[in-house]
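Engineer: Spelled out, the chains give:
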Amino acid sequence: MTSSTGQETVTSSLVVGRPLAPRRTRGELRGARLAAARAVFFLVMLAGYQAAVTVVPTFAATLPDLGELAAGAVDVVADARFWLAIVHTIVATLLGLSISLALGTVIGLVLSLHRNAWASSRFVVDFMRTIPPIALVPIALLVLGVSMGMEVTLIVIAAVWPVILQVYYGISTVEPELLETARIYRLTVWQRLALVTTPAMLPPFATAVRISATLSLLLAVGTEVITSSGGLGALISRLQQVSNTTESLIVIIATGLVGLGLNALLQWAQHTTLHWHYRTTKGDS
Amino acid sequence: MSSPRPVRSRLAAVAWAAWLPIVLVGVWWFASASSTLPYFPPLSEIVTSFRETWFGPGFVDAILPSMANWAAGVGLALVVGVALGTALALSRRLEQIVDPLLQFARALPVVALIPLSLVILGTGTEQKVLLIAFSALWPILLNTVDAIRSIHPEIWQTTRVYSVTRGNVFFRVLLPGAFPQISIGIRVSLSVSLVVMIASEIYASTQGIGFYVISAQQQFDTVAVWSGVILLGLIGYLVTVAYGRVEARILRWRRSAD
Numbered sequence: 001m002t003s004s005t006g007q008e009t010v011t012s013s014l015v016v017g018r019p020l021a022p023r024r025t026r027g028e029l030r031g032a033r034l035a036a037a038r039a040v041f042f043l044v045m046l047a048g049y050q051a052a053v054t055v056v057p058t059f060a061a062t063l064p065d066l067g068e069l070a071a072g073a074v075d076v077v078a079d080a081r082f083w084l085a086i087v088h089t090i091v092a093t094l095l096g097l098s099i100s101l102a103l104g105t106v107i108g109l110v111l112s113l114h115r116n117a118w119a120s121s122r123f124v125v126d127f128m129r130t131i132p133p134i135a136l137v138p139i140a141l142l143v144l145g146v147s148m149g150m151e152v153t154l155i156v157i158a159a160v161w162p163v164i165l166q167v168y169y170g171i172s173t174v175e176p177e178l179l180e181t182a183r184i185y186r187l188t189v190w191q192r193l194a195l196v197t198t199p200a201m202l203p204p205f206a207t208a209v210r211i212s213a214t215l216s217l218l219l220a221v222g223t224e225v226i227t228s229s230g231g232l233g234a235l236i237s238r239l240q241q242v243s244n245t246t247e248s249l250i251v252i253i254a255t256g257l258v259g260l261g262l263n264a265l266l267q268w269a270q271h272t273t274l275h276w277h278y279r280t281t282k283g284d285s
Numbered sequence: 001m002s003s004p005r006p007v008r009s010r011l012a013a014v015a016w017a018a019w020l021p022i023v024l025v026g027v028w029w030f031a032s033a034s035s036t037l038p039y040f041p042p043l044s045e046i047v048t049s050f051r052e053t054w055f056g057p058g059f060v061d062a063i064l065p066s067m068a069n070w071a072a073g074v075g076l077a078l079v080v081g082v083a084l085g086t087a088l089a090l091s092r093r094l095e096q097i098v099d100p101l102l103q104f105a106r107a108l109p110v111v112a113l114i115p116l117s118l119v120i121l122g123t124g125t126e127q128k129v130l131l132i133a134f135s136a137l138w139p140i141l142l143n144t145v146d147a148i149r150s151i152h153p154e155i156w157q158t159t160r161v162y163s164v165t166r167g168n169v170f171f172r173v174l175l176p177g178a179f180p181q182i183s184i185g186i187r188v189s190l191s192v193s194l195v196v197m198i199a200s201e202i203y204a205s206t207q208g209i210g211f212y213v214i215s216a217q218q219q220f221d222t223v224a225v226w227s228g229v230i231l232l233g234l235i236g237y238l239v240t241v242a243y244g245r246v247e248a249r250i251l252r253w254r255r256s257a258d
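Sequence lines, in order, name chains A and B. Using my numbering, count along the first sequence one by one with no gaps and you end on 285. Using my numbering, count along the second sequence one by one with no gaps and you end on 258.
Treat the hints with care, since some could be wrong.
To be verified - Distance windows between CB atoms, simulated:
id: 1; chain 1: A; residue 1: V143; chain 2: B; residue 2: A204; range: 40 to 48 angstroms
id: 2; chain 1: B; residue 1: I250; chain 2: A; residue 2: G48; range: 36 to 44 angstroms
id: 3; chain 1: B; residue 1: A87; chain 2: A; residue 2: R33; range: 15 to 23 angstroms
id: 4; chain 1: B; residue 1: A248; chain 2: A; residue 2: W190; range: 35 to 43 angstroms
id: 5; chain 1: B; residue 1: A204; chain 2: A; residue 2: L187; range: 55 to 63 angstroms
id: 6; chain 1: A; residue 1: V143; chain 2: B; residue 2: E154; range: 54 to 62 angstroms
id: 7; chain 1: B; residue 1: L24; chain 2: A; residue 2: V55; range: 55 to 63 angstroms
id: 8; chain 1: A; residue 1: W268; chain 2: B; residue 2: P176; range: 55 to 63 angstroms
id: 9; chain 1: A; residue 1: W190; chain 2: B; residue 2: A68; range: 26 to 34 angstroms
id: 10; chain 1: A; residue 1: E68; chain 2: B; residue 2: D99; range: 23 to 31 angstroms
id: 11; chain 1: A; residue 1: W190; chain 2: B; residue 2: L24; range: 51 to 59 angstroms
The set of hints was computed from the structure by calculation and includes no laboratory data. Glycine residues also receive a C-beta, built at the ideal position from the N, C-alpha and C atoms.
So here's chain B without its partners, still in its complex pose (with noise of 0.2 angstroms):
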């Protein structure tokens, strides 16, 4: 990264990577402009509609439940995933044991259990969150059982003729070097728990912002719901970016260690 490279060729870089995005908007724009097919409303009003709706009383009425929900979600399977992976890591034969289990888990589409878990646990916080969570939790999960089982024996060995405790073999020698693998876990864990709380808020839900899209969506609101949209895609992109900013940094002791 550090190397400087010719402002130029920077520039020409820039310049072919933003291009095709300012045309599709462009076109976007100046077609729709004066469109009046009922479900393609001009870009303008969608624009005026989100800046209204999602930097006004939306953040704080359909945004932060949303998101609050979800991070609380994400995080319950990120200590849960982590711990039970490490567990299983450590013990091949539960691990082969349970395996049946977590392949099924695995292939469940978590979607299916949406009307399910509102019988069970209504349609407050608490299904929107554990239901997340369950999502979340197969792609850390089973990462974490290979990432900390493909650990290099001698690493293992070492540990052991330094006497290494419990606590620091696992903080600063089995999650640091599981981690680059655990991580691919939490990237698929990330994308499928924002695809289980929309439906969640579409499917039965009194806020959210799948609520919200819905509930315009029934009203024939299709300015409404095209900004809903919009920002259900900037929030995936924002969740991808950011991540990938955080794994970065945790990763930076590798790339000086190689």
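If we strip away everything but chain A, and leave its shape as in the complex, we get (with noise of 0.2 angstroms):
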């Protein structure tokens, strides 16, 4: 490694979210306790808000009681337009990270070629990560108009980023010893790729996509709150224009809901795809 100066700091910057690792400690709740805890706990937290919007005036003016959540809750799952919505919302959710995924691993591939290739992008990388992606919207709006494919660029401007430095910083910390290994057995190129490159690249993808796909949800639902493209931001910003809080307070739930799903998808496919890595490595570094 001639030049790495900054290394550290690129990695350390983007290691997102918890170790898989399990680690135990005494007085853990299992099975059947853990779940009546976690059913009092949410049992508690409806009380809680059935008793805010009661008591405290500012919530009992804005914000629905159980029961009228209740009700608007079937009104909105029963109304063809909410899954739409979030049939919208996913689309563009995931053409965005597909872009920025494909993308990003071309472009990681191509700077990583040559140490002067990364030397020059970088500071375009790293200027281009840190720049508020929402901040674009208004110059979308004006380029290019309301429209899905709008949302998507924007997603892919946010989250192609991530990708590319993850992809450059797996290829970089190939160990030296296994390609010294590869070229004493003639690996061809093919070959390396796909027994030495790929491997060493994949934990750190699972990381690029674990950050994009977050990105692109937060890009897409502020995307649409803010221009009314459709989708559920969209449908939130609409519902509350009418004033209706309640409908809004549940399509919010089901965009937290979108969000839940997305990560155990992701999360699902990681630990499929990785478990040789975590098995290998135990104590995430």
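Relying on the hints, combine the two individually framed chains into one complex.
Structural biologist: What follows is the structure in structure tokens.
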């Protein structure tokens, strides 16, 4: 490694989320007792909410009580527009995420071909990824107008940078011994790519997928709220404009559930594709 | 850092790092110089507008209120996040019970709360600060839980053997030990909270940088839009760089300890 003054900062700033190695602690709840404790906590929260909307004047004037909320939920779930909005948001998010992953991988690979390629583009990548992507909405509105294309473009502009960085980082941290070994066994370029580079690249790539997925959903919903381009964000905004706080709250909760679903899906994908990695590296550095 | 590298190779490194940004800005400058495209005004005009607005009245009218809200929100999230995170880390059961709520809060894109927050809190400072704080809270909180929990049990036992006071355990043992990972959460919080700040100013506000940009967009004043967007980009960059400096300073003791 010849040029790596700020290498540590790049990696440490990007590894988000919890380590996957399980940690045992005394006094852990399990099985039915845990489920029961969580159920009680959930009921306490509901009771707290009901108390707040009954007692606190500000909340009483603006928020629905539990009965209204339940009725609202039934209305929302029966409405086809709600399901169309969910599909819109998920399609935009996944489309933006996939384009970011593909584009970011290609750019990351190209930049890692030669150290001067990375030296040249490093500032641009670092600068671009710090720009709050939502700031580009006004320009996107002018240039592209309100459309799915605008939404996806904004997502890609936000989510492509972590992928570039992580792909580059993954390749640059391949153990020199492994490359030596590959050379000794006279592996072809393709064999080296499949057997050495790709396995080394996958764990940081998984991190990139997580970061980019969160950014994609944030940008999708953010763009929708601001521009009313369709999807869950636009639905929330529209419901609030006609003062239908009850249904807007239901759609907000649904948006959170979509986020949870996305996280769960990615976690599952990560565990099934990377189980070998977590088995061999117990103490995640 | 202190090992002196030959001047020549350092110059080469600077040259390699700088040529692309310079070329890109140069291309933008000359390509847009005689531009008549409505959405891509000449960069020279944007620079003039940038100087006149942001080094002029815009600084007090827009930059200060935006950044004050942002700093207050992030500060609030930092205090609450580290305190709550420590509490949850010290009680495994409590953390297990509230875990579904934490996961939900983390998964929810906070921008979805902008319209609702306006109804409950109005369009004033309160709404901006609380929303920014809410968005910045979760990354800090979740990373604090993990960070405190991963402090080695022997360190705990040592503090007990020497009967270190609780305050000292928190400020001299837990916090320094956990900071590297809390810092990861802080970095995420800094960028997410900027997005939420801008989005809520664009959506409904009467002041701030986001409000300036969206008003300019509605009047098709593209030069002003670009100057605002460039300002927001620079703020994002400066915040990241400044925090990098702060982090390095706080973590200086670790490098000397290694």
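Engineer: Are the hints correct? Go through all of them and say.
Structural biologist: Okay, the hints, checked on the actual structure:
1. Here the CB-CB span from V143/A to A204/B is close to 24 angstroms, at odds with the stated 40 to 48 angstroms.
2. For I250/B and G48/A, the Cβ-Cβ distance of about 37 angstroms falls inside the hinted range of 36 to 44 angstroms, so the restraint holds.
3. For the pair A87/B and R33/A, the beta carbons lie near 21 angstroms from each other, so the given range of 15 to 23 angstroms is met.
4. At roughly 41 angstroms, the beta-carbon separation of A248/B and W190/A lies within the given 35 to 43 angstroms, and the hint holds.
5. Between A204/B and L187/A the C-beta distance comes to about 59 angstroms, which sits within the given range of 55 to 63 angstroms.
6. Between V143/A and E154/B the C-beta distance comes to about 59 angstroms, which sits within the given range of 54 to 62 angstroms.
7. At about 58 angstroms, the CB distance of L24/B to V55/A agrees with the hint of 55 to 63 angstroms.
8. Between W268/A and P176/B the Cβ separation comes to about 36 angstroms, which falls outside the hinted range of 55 to 63 angstroms.
9. For the pair W190/A and A68/B, the supplied restraint of 26 to 34 angstroms is violated, since their beta-carbon distance comes to about 56 angstroms.
10. For E68/A and D99/B, the Cβ-Cβ distance of about 28 angstroms falls inside the hinted range of 23 to 31 angstroms, so the restraint holds.
11. Between W190/A and L24/B the Cβ separation comes to about 34 angstroms, which falls outside the hinted range of 51 to 59 angstroms.
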